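Student: Keeping their order, the protein sequence lines are chains S, H and L.
If you read the first sequence in this note's numbering, its first letter stands for residue 10, the second for the next number, and so on.
If you read the second sequence in this note's numbering, its first letter stands for residue 6, the second for the next number, and so on.
If you read the third sequence in this note's numbering, its first letter stands for residue 4, the second for the next number, and so on.
Please keep in mind that the hints were generated in silico from the structure rather than gathered at the bench.
Which residues of chain L face chain S? A partial, calculated answer using Cβ under 8 Å: (1) Q331; (2) S395; (3) V399.
Note that the coordinates shown come from a computational prediction; the quantities given were computed from them, not determined experimentally.
Backbone N, C-alpha and C fix where the C-beta goes; we use that ideal spot for every residue, glycine too.
Here are the chains, one letter per residue:
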Amino acid sequence: MVPAVPPPVRPNPVRAYFGNIRRAVSSTFEGMTVTMSWLFRRPSTIQYPDRTEKPVREMLPETYRGLLEVDLSRCTACLLCAKTCPLGCISIETCKHPDGAREFQTFDIDNGLCMFCGLCAEACNFDALAHTREFEASVSSAEQLTVRFVDRPGRLVAKAKDLPPRRPRGSILAALIPGFGRRRRRAAPPEPPASPAPAPAAGAEGPENPEGTA
Amino acid sequence: MIPEPVRALLFYLCAGLALAGGCWVAFARNIVHSAFALLATFAGVAGLYAFLSADFLAVVQLMIYVGGVLVLILFALMLTSRIEEARVSNPTIGLVPGAVVLIAVSALLVYACVKEFGGTTDLPPGEPTTAGIGDALLSRYVLPFEVISVLLLAVLLGAVTIAGGRLRKPAPGGKPGKERP
Amino acid sequence: MNIIQHVANLLIRSVFHADPASWPWTWLVQAVVIGIAAFLAFAFVAIFAGPVSWIERRIAGRIQSRIGPNRVGPQGVLQWLADGVKCWLKEDLVPAAADRPLFLAAPYLVFTGMFGAFVVLPFGAQVVAADLNVGILYLLAITSLVVVGLLMAGWGSNSKWALFGGVRSAAQLVSYEVPSAFSLLCVVLLAGTLSTQGIVAAQGGWPWDWFIFRNPFMFAAFFLYFTAAIAEGNRTPFDLPEAESEIVAGYNIEYSGMRFLFFLFAEWANIWIMAAISAFAFLGGWQIPGIAPEQIAATKGWEFVGWQALSWTIFLVKATFLVFVVIQIRWTLPRLRVDQLMITCWKYLVPLSMLMVLGVLVLLALVPEGGGADTILRGAMVGLGLAVVLVSALRVRRTFRVDREHYREMEGRDLWYPPYRLP
Numbered sequence: 010m011v012p013a014v015p016p017p018v019r020p021n022p023v024r025a026y027f028g029n030i031r032r033a034v035s036s037t038f039e040g041m042t043v044t045m046s047w048l049f050r051r052p053s054t055i056q057y058p059d060r061t062e063k064p065v066r067e068m069l070p071e072t073y074r075g076l077l078e079v080d081l082s083r084c085t086a087c088l089l090c091a092k093t094c095p096l097g098c099i100s101i102e103t104c105k106h107p108d109g110a111r112e113f114q115t116f117d118i119d120n121g122l123c124m125f126c127g128l129c130a131e132a133c134n135f136d137a138l139a140h141t142r143e144f145e146a147s148v149s150s151a152e153q154l155t156v157r158f159v160d161r162p163g164r165l166v167a168k169a170k171d172l173p174p175r176r177p178r179g180s181i182l183a184a185l186i187p188g189f190g191r192r193r194r195r196a197a198p199p200e201p202p203a204s205p206a207p208a209p210a211a212g213a214e215g216p217e218n219p220e221g222t223a
Numbered sequence: 006m007i008p009e010p011v012r013a014l015l016f017y018l019c020a021g022l023a024l025a026g027g028c029w030v031a032f033a034r035n036i037v038h039s040a041f042a043l044l045a046t047f048a049g050v051a052g053l054y055a056f057l058s059a060d061f062l063a064v065v066q067l068m069i070y071v072g073g074v075l076v077l078i079l080f081a082l083m084l085t086s087r088i089e090e091a092r093v094s095n096p097t098i099g100l101v102p103g104a105v106v107l108i109a110v111s112a113l114l115v116y117a118c119v120k121e122f123g124g125t126t127d128l129p130p131g132e133p134t135t136a137g138i139g140d141a142l143l144s145r146y147v148l149p150f151e152v153i154s155v156l157l158l159a160v161l162l163g164a165v166t167i168a169g170g171r172l173r174k175p176a177p178g179g180k181p182g183k184e185r186p
Numbered sequence: 004m005n006i007i008q009h010v011a012n013l014l015i016r017s018v019f020h021a022d023p024a025s026w027p028w029t030w031l032v033q034a035v036v037i038g039i040a041a042f043l044a045f046a047f048v049a050i051f052a053g054p055v056s057w058i059e060r061r062i063a064g065r066i067q068s069r070i071g072p073n074r075v076g077p078q079g080v081l082q083w084l085a086d087g088v089k090c091w092l093k094e095d096l097v098p099a100a101a102d103r104p105l106f107l108a109a110p111y112l113v114f115t116g117m118f119g120a121f122v123v124l125p126f127g128a129q130v131v132a133a134d135l136n137v138g139i140l141y142l143l144a145i146t147s148l149v150v151v152g153l154l155m156a157g158w159g160s161n162s163k164w165a166l167f168g169g170v171r172s173a174a175q176l177v178s179y180e181v182p183s184a185f186s187l188l189c190v191v192l193l194a195g196t197l198s199t200q201g202i203v204a205a206q207g208g209w210p211w212d213w214f215i216f217r218n219p220f221m222f223a224a225f226f227l228y229f230t231a232a233i234a235e236g237n238r239t240p241f242d243l244p245e246a247e248s249e250i251v252a253g254y255n256i257e258y259s260g261m262r263f264l265f266f267l268f269a270e271w272a273n274i275w276i277m278a279a280i281s282a283f284a285f286l287g288g289w290q291i292p293g294i295a296p297e298q299i300a301a302t303k304g305w306e307f308v309g310w311q312a313l314s315w316t317i318f319l320v321k322a323t324f325l326v327f328v329v330i331q332i333r334w335t336l337p338r339l340r341v342d343q344l345m346i347t348c349w350k351y352l353v354p355l356s357m358l359m360v361l362g363v364l365v366l367l368a369l370v371p372e373g374g375g376a377d378t379i380l381r382g383a384m385v386g387l388g389l390a391v392v393l394v395s396a397l398r399v400r401r402t403f404r405v406d407r408e409h410y411r412e413m414e415g416r417d418l419w420y421p422p423y424r425l426p
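Sequences are here, hints too, so could you generate the full structure?
Tutor: Structure follows, in structure tokens:
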């Protein structure tokens, strides 16, 4: 015994026709009212970068893997980082003084090569090499992608016994990258909640991108 | 009023456009170029109509021929494969019969032109023609007008029959209505 | 006498000290004045296209809850200049396999078709380039050049996407020309003329004198025309010829630089043209409430200029409002499928617009203009229009209020952010 399946209800074609028209009109009307109401709503997005309440890098988590920086005053030139790097983007050269002290010749990190895997920072035993929260890496020429951390000749390699405290993260990059702080942040618009416009963001937390906005 | 030399210049521009377009249509190796050259011909003829103070005709020429006929021709061309090969699209067949037809038709045309429109006539004044055409179509020429519409209806029905018949035939093993020619 | 002859005669009298009627060079001065007017119209297209592209992007931003371009100039108002300069400086690329002459000629043909339509648009009481007797027909005819241009671009690019786009666009234009012509036929029936100025003159300044509120069939015909015009302009939801998700960018995919810009110009110009046609054919055009066109024509000197400017402003406001509606529709409705597009046209718009023509004819025979029934009908239609506006305003308010509560709970601040305050 086959269960009685009711035959599929074929809609009345005339009713379907005019029902389609009615639905087209009403759904268009409905949609138009909805989109119209969005014209009166606060946009969800915030203008990057200069309308944010604080610099974007300060909103990133502490463990964010941004541009690498090294605090040479804590670096023992053990070359662990350079050897761990799968891409070879860290190049370190030292030379020996007659008295046994070693001096940095180069400590370059090629940000064009770096893939921000974090292996080097993990390998560093003295918290010298670390990721910052700086991510605006655009520069105006390919050479500038390589950050040269040896800022003056005669910078000696640190001894593991007496290490100075780590300088704040990002401050070293900020000092190194040219053009930092030159671009002033535009004041946020006065209206959305009366938070004062942040001051020009020079300071502790890494460079501001000179070209910046796009 | 625009002086005579300027009018003549504009007239010959329109006529030249129509003629050059026609030549291009006939002599182009690529049939798509021929089709696009038709545009120049139609536009030139529309200009000539405008010169004859036939404003309605000029605009309708543009609307029907450019907007309708030309677009249909282009459609047909673009839906045809290998259309750019001159061997497929415009093969040369029968030079002698072609010449005979050409001579006969042009003789007929020249004869008709000279006989009917020989000499010069004054241009009719630039008056709106729409009302007159509408009047004539719906009173004196209403029968031919309706006959033509019946013809168009027949064409439509024929097209639907040809296309619909092919669509309804169930393909072997496939769903009905999906068959491609 | 239109404004071009007016200006030309004025020039001849003041500069050349001659009588325009008998002076042999009158035609030349007129030709120069017409050329200047054409240049102004051209500049209008270009200048209109620019800011409207910015406005559209800002509106799109707000509708999508984002901000939109606001970096070039104050609030981004100069974005269009930056875009224009960018396109200008780009390489004018012609694909190696393209059909070179067709590829190069297509943008200009498209633009000519759009630009030609400006000839008969009645901008103001006396401001129209040429008041042709067959104005409406001319509008329908000259835009067919656009179809040929699009097909030319599609073929000349020698790219399958471009060809698809061109063929789709042509199919769409040819199909939707039928309902739009039928809807305009309703207008022509009521006005008794094909001339654009004649159609405006047959209406009046007050809403109950507009054709849209003349009777229910005209009310429907307006929306049918508007739908068909959006489709003819390849705008969303009918933008199949440039559907990004299917055929990348359609007929203009191979174009770059200025030629690409010409396609965009044509698109923006087309929005304006369709809005202007709707405005003058259904919404009373430039008619100033309470002032008859004859009174305007009879004024002299600065008063004349003032009335002209007022009529121009009224027309621009109406058309700009419709442009806004077109933009909003673009960000409201999703794109149709090809078969849905054709079904919409041939199964719905065409029969309905024929029905509207019949209805208008019947009412034209049954309800004499100016009689009591006519007055009641117009009043009812104006009431209907007001009701539509009111209901939609209330719906907007309701939609907004519901979300306002949620927003305050979640974000702790007010959702209200008026459209005039640009973020």
